[in-house]
Amino acid sequence: MYSIDGCMVDHQSGAPEGRKPTSPRGILFQTDHKAIGLQYLWLALFSVFLGMMMSLVMRIHLVWPGAHLPMLPSFGDSPERYAALTLLHGSLMVLMVLTAAPQAGFGNYLLPIQIGAGDMAFPTLNLLAFWTTAVSLVGVTTAFFLAPQTGVTLWIAGVALFCVAALANALNLSVTTIDLRTKGMTLPRLPITVWAWFINAILSLLIFSILLAASVYLLADRVLGTHFFSLPAMLSTASPNSQAVALPALWQRLFWFFAQAQVYVAILPCFGIVTHLISTFSRKPVWAQRAVVLALCAVGLVGFCIWGQHTFASGLNPYSPLVFGLLASSLGLPASILLMSWFGTLWNGKVQLTTAMLFALGFVSLFLAGGLSGLFLARNDLTATAASDDFITGHFHLVMGIAATFAMLGALFFWFPKMFGRSLDERLGKIHFWITFVGVYCVFMPMHWLGLIAHLHLSPEATLTFATAAAWPIRSFVTSATLVTITAQGIFLVNFVTSLFKRSEAMEKNPWRATTLEWSLPSPPPLGNFAGRPPVVYRDAYEFGSEADFALQSRPTDSTPPAMPGGTEPGLQRLPPHAAGTT
Amino acid sequence: MPDIHVVDDIELIIEDIGGGGGNPPPLTGDGGSGDGDPNKRRKPTPTSPRRYQTAVVLAMLSIVMFFMALAVTFLVRKTSSDWVPVHLPFMVWVNTIVLLASSGTMELARRKERAGDLKGFRTLWQVTTGLGVLFLVGQVIAWRQLVEQGFYVSTNPASSFFYIFTAAHGVHLLGGVGALCYVLLRNFKKTRLTQSVAAEVTSHYWHFMDGLWLFLLALLYLGK
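Chains as they are written, first to last, in the working numbering: chain A, 1 to 583; chain B, 1 to 224.
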């Protein structure tokens with residue numbers, strides 16, 4: 001096993017200073033994709049801590065309903081407040097963290113560099129998309145403090161704005177990938193991360209417009225007094241059975257058409273990141289790389305088609321659950337391909353257990369554990385008993401929320417040196433990893449159990465008393481575990497802040513000895529990335545284990561004459577900075 | 001590849017290799033000429049039509065999904081018991097003819113531009129823009145006609161759908177009018193885009209808006 005820390009020490013100073021705007025206006029309104037990517041990450045960091053605090057408040061109220069928490073009573077303690085907490089926790093986490101960070105944050109920062117472009121295809125659109133997201137975050141958060149009815153209207157408007165921003169960002173990422181690849185960056189040579197961001201951008205383009213349309217209808221219902229999702233009062237009392245039940249289903253269909261695919265929007269870039277990290281830290285090419293790309297496409301495609309599984313309980317044509325159930329179960333196929341590829345890459349690899357790698361492996365573990373319970377939920381008959389309960393809460397938190405968070409943390413540990421020219425502390429990172437890893441299992445695994453005992457087929461009264469008695473210790477255990485896990489995030493925050501402000505180390509360009517183009521640049525990369533000399537790509541994205549351990553994508557192969565005199569073998573380790581990177 | 005110092009030229013180079021992104025790195029130096037884009041070959045000026053064309057195609061895809069969601073809701077909702085059909089106001093048919101005419105003048109304008117008649121192009125393009133604005137004004141008049149019949153946005157679901165469809169289409173068309181004005185007013189000496197490419201991309205979007213309107217009209221007319 002290598003000691004990564006040894007590589008981090010001063011080797012060559014990367015001279016990271018590009019032209020940096022200094023005025024506040026200049027810093028806030030840069031169109032540089034790296035600045036915007038970082039702003040998305042800051043936004044996600046703020047939201048994730050806010051969302052985590054809300055989950056803590058919810059857990060405490062579940063177990064100790066009488067507990068007095070500071071500040072909160074001033075907002076009132078009606079049931080609507082609790083519902084608002086759930087709504088805000090969910091929307092912050094799903095939109096501002098799981099959608100914004102892996103796709104818009106890391107995608108914005110890394111995708112143009114990894115394909116050898118100077119910036120995104122439409123930098124101004126990129127800037128607008130970010131600020132629309134920021135306004136949406138303000139709207140969604142403010143909604144919590146308003147009276148419930150106004151609050152919900154504002155919240156929907158915020159979500160609609162987020163859709164617009166997500167569409168703009170997805171358009172930008174996909175056009176950039178299609179048209180701005182540098183010479184030699186063929187599709188088979190695209191890093192898996194870029195593939196994942198690209199497929200995800202296309203999927204986002206398709207589904208966020210659905211949510212936008214649904215939000216438009218809903219806003220019209222609330223503001224203009226239309227009746228898209230409800231019947232006028234006198235009519236619905238006239239025929240209560242048929243129509244009054246059918247109309248919420250209309251909203252549910254539209255919503256789940258978006259929301260089921262949204263799960264894959266959150267997780268697809270994480271697949272890319274994890275594949276990338278596992279290959280880099282196993283010092284081996286991605287095993288069955290083409291199959292992985294096809295599996296990513298399949299996840300996007302099938303994920304787009306299985307929205308119906310959320311409406312099993314709301315009344316469907318009796319045959320459609322069969323179709324949706326089969327399709328949903330068939331997602332296990334691409335998921336298995338991904339898992340096999342990760343294990344195949346790890347097999348016989350020179351595995352380096354850096355913090356980034358630990359988080360990537362943690363992702364694999366969580367994805368596997370959470371994904372297994374997903375198989376139960378894909379079945380129509382079982383879902384009817386386990387839906388909308390602790391079982392499903394445990395399932396999607398593990399497989400979507402926490403797994404994706406692990407991928408993001410892995411990505412942060414991996415790319416932090418590139419973004420800031422400093423590295424995060426590995427020791428603190430590992431402590432943080434282990435507490436979080438054990439903690440999240442303690443939080444979400446018992447929830448599956450809770451969901452199952454709530455549905456034991458006893459008489460109604462017996463179920464109630466038994467479930468309450470058996471559930472109480474489990475619930476309080478979950479809450480305690482939540483407290484510990486959230487406290488442990490303080491370690492990460494300390495690590496992050498101290499690393500950010502510690503004296504600038506003279507970082508090596510490529511501390512992890514990775515292969516993609518961003519590692520050929522100084523840390524942080526200058527404005528315009530390649531200084532007007534776009535690199536030429538000669539190699540696959542994951543050429544590890546070659547004679548020199550690894551080869552940057554821009555390093556000419558032996559059979560290729562170098563495109564420019566003086567630019568020979570830029571990918572070799574520890575070359576002077578002016579030689580590495582470009583042709 | 002020679003050293004390049006001017007930013008615009010660098011962007012041109014990036015475009016060129018971006019265009020050839022699907023090819024393996026050529027051993028000789030003829031990087032970007034491999035792709036079959038007639039615009040680029042015809043005018044070796046600093047243009048990058050591909051990204052704009054790609055963007056418009058992808059945007060259309062997204063817009064189709066948006067209007068499909070609107071349309072599907074319409075089809076489901078109209079089966080419920082409170083549905084009262086709305087007779088389309090007469091003005092809608094006039095507007096349709098105006099919009100179709102604008103697509104026609106736009107193609108005529110682009111033909112003039114290809115023939116090198118820039119003055120004729122500008123005149124016809126202005127006519128197109130005028131027709132576009134006329135369409136939007138006409139839609140507002142159609143709304144007023146509907147209001148005079150007593151159909152407000154919240155009167156019944158059928159009228160709600162009419163207002164939402166026309167408003168959503170109008171907002172998208174307004175973007176098209178913005179693009180039309182951009183082609184007219186922008187000084188293309190300063191941009192990477194040429195007028196001809198900008199006109200082409202705008203025309204794709206405009207014809208798409210045209211077809212989308214026909215679709216919505218058919219839906220409203222046949223589905224009432």
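Everything labelled a hint here was simulated from the structure, so no lab data went into it. Heads up, some of the hints might be wrong.
[Stated by the list, open to error] One side only, chain A facing chain B, incomplete, derived with CB under 10 Å:
hint, residue
1, F228
2, A249
3, T498
[Claimed, not checked] What the simulated footprint calls covered on chain B by chain A, stretch by stretch (three residues with Cβ under 8 Å from a Cβ of chain A suffice, anywhere in the stretch; the number is not a length):
hint, segment
4, 50 to 64
5, 75 to 84
6, 145 to 159
A virtual CB, placed ideally from N, CA and C, is assigned to each residue, including glycine.
Against the structure, the hints:
1. F228: A:F228 check passes; min Cβ-Cβ to chain B is 6 Å, inside 10 Å.
2. A249: A:A249 check passes; min Cβ-Cβ to chain B is 9 Å, inside 10 Å.
3. T498: violated (38 Å)
4. 50 to 64: Coverage by chain A holds for the segment 50 to 64 of chain B (9 residues, Cβ < 8 Å).
5. 75 to 84: holds (count 5)
6. 145 to 159: holds (count 4)
In this structure, only the earlier hint numbered 3 is contradicted, and the remaining ones agree with it.
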